[in-house]
Amino acid sequence: MIYLDNAATTYPKPVSVLHTAEKALYDYGANPGRAGHRLSLETSKQVFNAREKCAEFFGGETENTVFTLNCTHAINFALKGVCQAVGHCHVITSDLEHNSVIRPLHALYKQKRINYSIADSGESDGELIASLERLIRRDTTVIVITAGCNVNGRVTPLAEIAKLCRKHNICLIADCAQAAGVIPLSLSDGINIICAPGHKGLYGPMGTGVLVTDGKYPLSTLIEGGTGSASGDINQPDFLPDSFESGTINTPGAIALGRGVEFVNSKGVDRIYSHEMSLCELFIKRCEKLDSIKIYRCMNTKSLPVVSFTAGDESSSVTADMLSQNGFYLRGGLHCNFLAHKKQGTLETGTVRLAPSVFNTRTDIIRLTDLLYRKYGNN
Amino acid sequence: MYFIVLRSATAAEKARRILGGYKISSSIGKITTSKGCRFGIYTEHDPDKTCRLLALGGLDCLEIRNGGDAG
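First to last, the sequence lines map onto chains A and B. Residues 1 to 379 in the working numbering are what the first sequence spells out, letter by letter. Residues 1 to 71 in the working numbering are what the second sequence spells out, letter by letter.
Hints listed in this document are in silico derivations from the structure and should not be mistaken for laboratory results. C-beta: ideal position from N, C-alpha, C; glycine also. Honestly, I wouldn't trust all of these hints.
What the hints assert, rightly or not - Computed spacing ranges between beta-carbons, pair by pair:
hint, chain 1, residue 1, chain 2, residue 2, range
1, B, Gly21, A, Val15, 40 to 46 Å
2, A, Gly247, B, Gly57, 25 to 31 Å
3, B, Tyr22, A, Arg166, 52 to 58 Å
4, A, Ser220, B, Ser25, 46 to 52 Å
5, A, Gly247, B, Ser34, 22 to 28 Å
6, B, Arg17, A, Leu347, 30 to 36 Å
7, B, Arg17, A, Lys110, 41 to 47 Å
8, B, Gly20, A, Gly225, 30 to 36 Å
9, B, Tyr22, A, Val15, 54 to 60 Å
10, B, Gly57, A, Val15, 44 to 50 Å
Stated by the list, open to error - The calculated lysine-lysine pairs, modelled on BS3-like cross-linking and capped at a C-alpha distance of 27 Å, are:
hint, chain 1, residue 1, chain 2, residue 2
11, A, Lys302, B, Lys23
12, A, Lys302, A, Lys112
13, A, Lys53, B, Lys23
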């Protein structure tokens, strides 16, 4: 089996993450931040260590780092939290967005709580920035945008977008689902809220994610309940991270996520990016010899290590199924991102997505392309 | 022994780290007050000075309690 669906979730996980998750279940079994007994305090300490690692990784403060279930959960907290806090407002996003961004936006629009506009990302960073700027209105409160598209890998110029946001006093929320752990991302770039999954490029377990805020924009809560703090008050605590962590968090997941971040730091984000990009480039180079394989990428911008492709007129599901039967696990379809597929003209067929991780090798890519030669070769 | 009340378990763990950096020993505890359960730190260090150090690290001391009153 050769797993190349790491944009959906990384697999396998590092051994250190597996061991940490197991140890957390064995040794840190009390509820963190609730009781004052020794096991609860020790579990809290382990959660704090993980929180601290995530905070440092994204250039945030420990208490401004919230554990969530996944990136979608974090985006919903951020987007709805800011919009609810300011009242009716205008939000701008792009045509590269995953459903985790566009669906909450559209739901808020249907509830008449916001208006939103979709910027045409064009073919270059300059076109995207110009498009975003054209859409800014007096009531624009938020720009929510992906750090890198999960379909074609296109990286957005977040630092430039942050400058634009500062100029117009707009909150910048970055969906870092594909980019976290692959390219450097920090609040110091001017991003106000970073939303990231734990289970992709940070190599944590599924069911983990983080929201890291610089605290400049107040966030209304979406879920209220027990936090283990200020329990005599009927009101939800107004301080982070407790205000956004009602109910018991995924404790073994969070602790193991901290180990995942440690793993990424030990490898180095730049090295991980170089390795994965070299595999994507190898794939693209070898596919050049195949007329029926069409690659979808933006040529004028930086890219994440993700390659979408189709084989002739074949539906991506058929291609992905054929690959699966031959032991290659890649995802076909729309990848929960109809906007990007609409833009590149693959809404009908979808694409097959190649997404390597740090554990994939050149041999994996050569074997995959050898299979493509056999199935789709010109002769 | 003093108990310095902080607003959350996260704040208490951060406080322990900050004080550790100043070589001030402390341990985390939890008490029940009229405002509900509160996490904080036990320390024998001067409580006012301790709170000033914690403020430098961005933490607010909500209350300072004395020995037997610390829960």
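Let me make sure I understand: some of the numbered hints might not hold for this structure. Which ones are they, in numerical order? As far as the earlier hints go, 1, 3, 4, 6, 9, 10, 11, 12 are violated by this structure, in ascending order.
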